[in-house]
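Based on the hints, put chains B, C and D in the right spot on chain A.
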Amino acid sequence: MTDMPEDIFEITREPIDKLGLERRLLTSAAGAMVTFDGVVRDHNKERRVVRLEYEAYAPMALKEMKRLGAEVRERWPEVERIGIIHRFGSLEISESSVVITVTSAHRRVAFEACQYAIDRLKQTVPIWKKEIFEDGQEWVEGQQPSDFRLRTSEAVDSEPG
Amino acid sequence: MTDMPEDIFEITREPIDKLGLERRLLTSAAGAMVTFDGVVRDHNKERRVVRLEYEAYAPMALKEMKRLGAEVRERWPEVERIGIIHRFGSLEISESSVVITVTSAHRRVAFEACQYAIDRLKQTVPIWKKEIFEDGQEWVEGQQPSDFRLRTSEAVDSEPG
Amino acid sequence: MKIMVLLFGACREAAGTHQWECEIEAPADVKRVFAATRERFPELDRFEPVALFAVNEEHARADQPLRDGDTLAIFPPVSGG
Amino acid sequence: MKIMVLLFGACREAAGTHQWECEIEAPADVKRVFAATRERFPELDRFEPVALFAVNEEHARADQPLRDGDTLAIFPPVSGG
Numbered sequence: 001m002t003d004m005p006e007d008i009f010e011i012t013r014e015p016i017d018k019l020g021l022e023r024r025l026l027t028s029a030a031g032a033m034v035t036f037d038g039v040v041r042d043h044n045k046e047r048r049v050v051r052l053e054y055e056a057y058a059p060m061a062l063k064e065m066k067r068l069g070a071e072v073r074e075r076w077p078e079v080e081r082i083g084i085i086h087r088f089g090s091l092e093i094s095e096s097s098v099v100i101t102v103t104s105a106h107r108r109v110a111f112e113a114c115q116y117a118i119d120r121l122k123q124t125v126p127i128w129k130k131e132i133f134e135d136g137q138e139w140v141e142g143q144q145p146s147d148f149r150l151r152t153s154e155a156v157d158s159e160p161g
Numbered sequence: 001m002t003d004m005p006e007d008i009f010e011i012t013r014e015p016i017d018k019l020g021l022e023r024r025l026l027t028s029a030a031g032a033m034v035t036f037d038g039v040v041r042d043h044n045k046e047r048r049v050v051r052l053e054y055e056a057y058a059p060m061a062l063k064e065m066k067r068l069g070a071e072v073r074e075r076w077p078e079v080e081r082i083g084i085i086h087r088f089g090s091l092e093i094s095e096s097s098v099v100i101t102v103t104s105a106h107r108r109v110a111f112e113a114c115q116y117a118i119d120r121l122k123q124t125v126p127i128w129k130k131e132i133f134e135d136g137q138e139w140v141e142g143q144q145p146s147d148f149r150l151r152t153s154e155a156v157d158s159e160p161g
Numbered sequence: 001m002k003i004m005v006l007l008f009g010a011c012r013e014a015a016g017t018h019q020w021e022c023e024i025e026a027p028a029d030v031k032r033v034f035a036a037t038r039e040r041f042p043e044l045d046r047f048e049p050v051a052l053f054a055v056n057e058e059h060a061r062a063d064q065p066l067r068d069g070d071t072l073a074i075f076p077p078v079s080g081g
Numbered sequence: 001m002k003i004m005v006l007l008f009g010a011c012r013e014a015a016g017t018h019q020w021e022c023e024i025e026a027p028a029d030v031k032r033v034f035a036a037t038r039e040r041f042p043e044l045d046r047f048e049p050v051a052l053f054a055v056n057e058e059h060a061r062a063d064q065p066l067r068d069g070d071t072l073a074i075f076p077p078v079s080g081g
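Those protein sequences? They're chains A, B, C and D, same order as listed. Going by this note's numbering, the first sequence opens with residue 1, and the numbers climb by one from there. Going by this note's numbering, the second sequence opens with residue 1, and the numbers climb by one from there. Going by this note's numbering, the third sequence opens with residue 1, and the numbers climb by one from there. Going by this note's numbering, the fourth sequence opens with residue 1, and the numbers climb by one from there.
Next up, chain A with everything else stripped away, as it sits in the complex (with noise of 0.2 angstroms):
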C-alpha cells in the first residue's frame, strides 16, 4: 500500500475543513474536482434524528482510508488527486462526517472515482456510527460486506456458538 505524497488522508474529532482541503488538492492540472460531502440529516425512516455519535478505531481507520486512496489511483490511473477527511465524535444536524474530493483532468473519473470512494469507504473503513433521537438510541447495522477479505462470518458459523 503506497500512498501518494500529495494525496490527503486524515481522521478527526474537529469540524472538516471542506475548503482547505478542496485548495490543497488542487492543481494546474485538474480540470475537474467532485466533492461529496456527507452531511448528519435531520431523520432517518421517518424518525427524527436529533445528532450522531461516530466511534472509529483510528489507527486502522486511516490506514484503510489510504489503501482506499491507492485502490482509486489503481483502477482510474487518470485521478489528479485524492483526499479522505472523516470526522468522528458527536456530530450535529448538517455537520458534515465525511468528505472526498477527487479531481481529473475530466470530469467522469472524478465523479466516478469519488462515487466509488464513498460506497467502498462504507464497507471496509472501521467508523461506526449512532443515532441520537429524541426518545433513544441506535446502532446504525452496518451491511456484510461483500468483500471476500472481510467475510469472516462462515467460518465462525461452522464452530459451535
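The hints are simulated quantities; they were obtained by calculation from the structure and are not laboratory data. Even for Gly, the Cβ is constructed at its ideal location relative to N, Cα and C. A hint or two may mislead.
Claimed, not checked - Here are some chain B residues pointing at chain C (derived, C-beta under 8 angstroms):
1) 9
2) 20
3) 38
4) 59
5) 98
6) 123
Just chains B, C and D now, with coordinates in the frame of chain A:
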C-alpha cells in the same frame, strides 16, 4: 418552467463563491451533498493553456440553467436542492468556471443528478469558451446537441447555401 | 419587418459584430434571416452547417417562423462548463 | 500467550469495555479468542453471526492464526460515512 424558490441559478463575472453556494443549499433534510467544480486546466490535448475566455448569452443562459434545474427535479424528485453558478469573462488556471451542487437525503441521487446537470449544461446553456495559448487562441468546438429541441442543422442543410 | 440578430462566440468574432438589425419582408423564418445575415457577413458562411439558433432567448429550429420585433440569436454549438 | 482484544461500536457498548487482555494457550486463532471473549462477556453472543475482525489493524478472517502480542479487534459491520 417553474424554478423552486430555494434553488440557486446564477451567471456572474465575479469569482464563484462555492462555499457560500453550498451553505445556502444545505438543509436539515440533506444527508448528501455532491458538488461538481469545473476549473480551468493548464493544458488541452498536449497544448499549454494560459487562460480561458467565456462568453455568455447571459439572459438565455440563466433561463436554460433554471430549465435544467426543473428537469433535474422532474427526473429525481428526491433531490433536496440544486444550485448552478456559471462564470463568464477571463479565467486564469485553477479558477472555477462552473459549480453545480446537489443535495438529497441519500448519496446516489445527488451523484446522478449532479453528473446529469453538468452533462446537460454543456449541451443546452448558451456559453462559449476560447482557449488562450501562449502562441495563439482558439474557440473550443462544442458538440452538435443530440436533443431534438436544439437540432436545427438538417433543416438548414436542405436549403441551398 | 425588423429582426434583431445577435451573434455569439466564434460567429460574433467572425462577423466582427455582436448584433445587427435585419430588415426583411414577411413572412420570414429563422433560416431566411440566417441567410440574410450570411449575405451581410459572408464570414459566417462556414458556420452554415453547424449554427444553432434561439428566438427570444429560446432554442429554435431553422424552420421557426419569425415575427416583427423578434430577436434571433445565431451561435456555434455551445461549449460552456 | 497474550492477545490484546479491542471492542468497537455496539460490541464495545454491549461488553461495557473497550478492551481486555486475553490469556490463551497456543496455538490460537481469531475464532478461539473471539470465543474466549464471548465467555468473558456473554453480552457479545448476539454478535456471533455478524462480527468482523482485524488483527494488528488489518481486516482478518476468523481462521487467521494469532501470535503472542497480537491485537485483535472485534466489531460489528462498519457504518461510517
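Now for the hints, and whether the structure bears them out:
Hint status for residue 9 of chain B: violated, given a least beta-carbon distance of 14 angstroms to chain C, over 8 angstroms. The closest approach between the C-beta of residue 20 of chain B and any C-beta of chain C is roughly 21 angstroms, which is over the 8 angstroms cut-off, so the hint fails. For residue 38 of chain B, the interface hint holds, since its Cβ comes within 8 angstroms of a Cβ in chain C; the closest pair sits about 5 angstroms apart. Taken as an interface hint, residue 59 of chain B checks out: its beta carbon lies about 6 angstroms from the nearest beta carbon of chain C, inside 8 angstroms.
Checking residue 98 of chain B against chain C by beta carbon gives a least distance of about 5 angstroms; that is within 8 angstroms, so the hint holds. Evaluation of the residue 123 of chain B hint against chain C yields a held restraint, the C-beta minimum of about 7 angstroms falling below 8 angstroms.
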